[in-house]
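A.B. asks: Required output: the full structure, derived from the provided sequences and hints.
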Amino acid sequence: MKIGLMVNEGPYTHQASDTAWQFARAALAAGHQISRVFFYHDGVNNGTRLTEPPQDDRNVVSRWSTLAEEHQIDLVVCVAAALRRGIKDENLAKGFRISGLGQLADAGIKADRLVVFGD
Amino acid sequence: MKIGLMVNEGPYTHQASDTAWQFARAALAAGHQISRVFFYHDGVNNGTRLTEPPQDDRNVVSRWSTLAEEHQIDLVVCVAAALRRGIKDENLAKGFRISGLGQLADAGIKADRLVVFGD
Amino acid sequence: MEEEQKSGGKIKKFMFLNRKAPYGTVYALESLEVVLITATFDQDVSVVFMDDGVYELAKGQNTKAVEIKNFSPAYRALDGYDVEKLYVERESLDARGLTEADLVVAVEVLSAAEMGRLMAEQDVVLSS
Amino acid sequence: MEEEQKSGGKIKKFMFLNRKAPYGTVYALESLEVVLITATFDQDVSVVFMDDGVYELAKGQNTKAVEIKNFSPAYRALDGYDVEKLYVERESLDARGLTEADLVVAVEVLSAAEMGRLMAEQDVVLSS
Amino acid sequence: MLHIVNKSPYEKNALESCLRVAEAGSAVLLTEDGVYAAVRGGSAAEKLLKAAESLKLYALAPDVQARGMAERMIDGVTLVDYTGFVELVTTHPVNLSWL
Amino acid sequence: MLHIVNKSPYEKNALESCLRVAEAGSAVLLTEDGVYAAVRGGSAAEKLLKAAESLKLYALAPDVQARGMAERMIDGVTLVDYTGFVELVTTHPVNLSWL
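Chains as they are written, first to last, in the working numbering: chain A, 93 to 211; chain B, 93 to 211; chain C, 1011 to 1138; chain D, 1011 to 1138; chain E, 1253 to 1351; chain F, 1253 to 1351.
To be clear, the hints were calculated from the coordinates, so they are not data collected in a lab. The beta carbon of each residue, even a glycine, is placed where N, CA and C say it ideally should be. Please note: incorrect hints may appear among the correct ones.
[To be verified] Restraint ranges, calculated between C-beta atoms of paired labels, are given here: (1) D181(A) x E1268(E): 42 to 48 Å; (2) E1110(C) x G1336(E): 33 to 39 Å; (3) Q147(A) x E161(B): 33 to 39 Å; (4) D1333(F) x D181(A): 34 to 40 Å.
[Said to hold, decoys possible] Stretches of chain E that chain C covers, calculated by requiring three or more beta carbons in the stretch to come under 8 Å of a beta carbon on chain C: (5) 1288-1297; (6) 1312-1326.
C.D. replies: Right, dumping it as structure tokens:
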């Protein structure tokens, strides 16, 4: 099945991004396709390449980058939400791209399921 | 009176930063001193110089920078919280500095009042 | 049909669920932006206001003193985007002492049970 | 006194109010970090757990499957920082079906009214 | 003591917890989404009115106006502007934000 | 239909609203802080047990374990792992996250 995800909260602050990543990994392992992950609201903060969590903690941002590379997942950061919060190409992490809200509607139309992770 | 502020949420996402700024401005107008504003949790996101809100919206980050310049307010972004969220010197806005949590304890000790703004 | 060309298939039922008050957080504003964009994709769009989401539609909002943009007039513009299915849950209005007359747009008021049925008929439900 | 030298004046009463569950949000963890730092300033520190904050102290936390660091053992380290005043509100425990025996550290259980009195005696109350 | 509540009583438990512990004679300031607690006809307003007998209630006028509730506030709640917010903080020895 | 609730019922109104509108026969998955609703002896668990008569209840085991509640869950709630979460999403035509 083709599954799209929407992530509405930033890394660490809320568990939403963790749960979404765990969900994506399990879906891929079960043979499903993650067609797109759309980052909205504070979710755009998952796309910063500048995070540096403590050594004994998980790296939420690089986990997304790695998963996207291994499975060709389209990680889209909403441009309007990103501008409000200071996420731009200059601090964008590997594997993410900045695009419009239409990419969320498109994911909803083309995927078999859309799951929202937020606060 | 010397008043310290703690801001726990990022710009736009939550009204906390707006209310804190309005409070600071009113306190200064009433003759009080804002000894320090300490940005913690997602509040560190107030310190990014990369925000670009819509033209018809307020600029939360630059408002803080301006107020700090006009009234010599110490705007401190917590280093541990900032590293988790990707705020560093390279994307730090004017008038903010990055320092340790001790600056919050110090503000609580030295100020006559400490007010917390969060979610 | 143009709809089919743009969406590449059948028209889907999209519901946008609004449960947050305006201004205290940005969810209400940014969710409205999603509705306006999705409306251009020629899908079957419903917008639901329940819990504190009903406050988004309250008349008389004046944001001058908080210096945040008042976006409540934009709900009246939804009609121009062909977004005509606006639903409000009756229980949410009642608990808050509000009535339809207090809202900036005409809505259809549904009971909780009717709302549950409407949700189950959707293809996609977006919330924030 | 050393305290007076470091703080530049009288010792203040600091209360840290924890009302959020762990893991769902980062507030509990980051608030604990504030307590540990403030403890080094030789102030009079109280730490309060009420509402969902009592869950921070629940025994048996195992975060292996969520892959987030389990920080509940750190509450047992507070004693080593001379943070010995830990308070839990009885009403919060009761509503959640928890008792003192379910918590990882020894605490003093206060009623809501006693908690209110304790709060009013503070110089600074930090919450998040 | 000054208690500050910025949460809607319909969404979160902050006001309920505040009213449970606040000592008689304390001040409670409603800000941001917290002001909805004082809207006439709401189920939260009834609870607040009971509390009003022993507490001094305030609401931040800019937040009340922003939300379109200026004509709908219950009696017994004093409206203050940001200057009044500052005065409440400076005239009470300690304040607590119920986040 | 699948309802997903990730909020503590003691802090927020998400579960209450979900249970108010969910049709009989729907599935409700508790995740993150939502799992506290199913802890034995809690006041929220009583409400959930009433709802359990007409709904299928699930809780995300990794979140239950993280919070130390593995031995405290009420009967009538099926524990699932992330793979089970995916299955719930794929086997229900539509899902709703109560944020």
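A.B. asks: May I ask which of the numbered hints given earlier this structure violates, with the numbers listed in increasing order?
C.D. replies: Those not satisfied: there are none.
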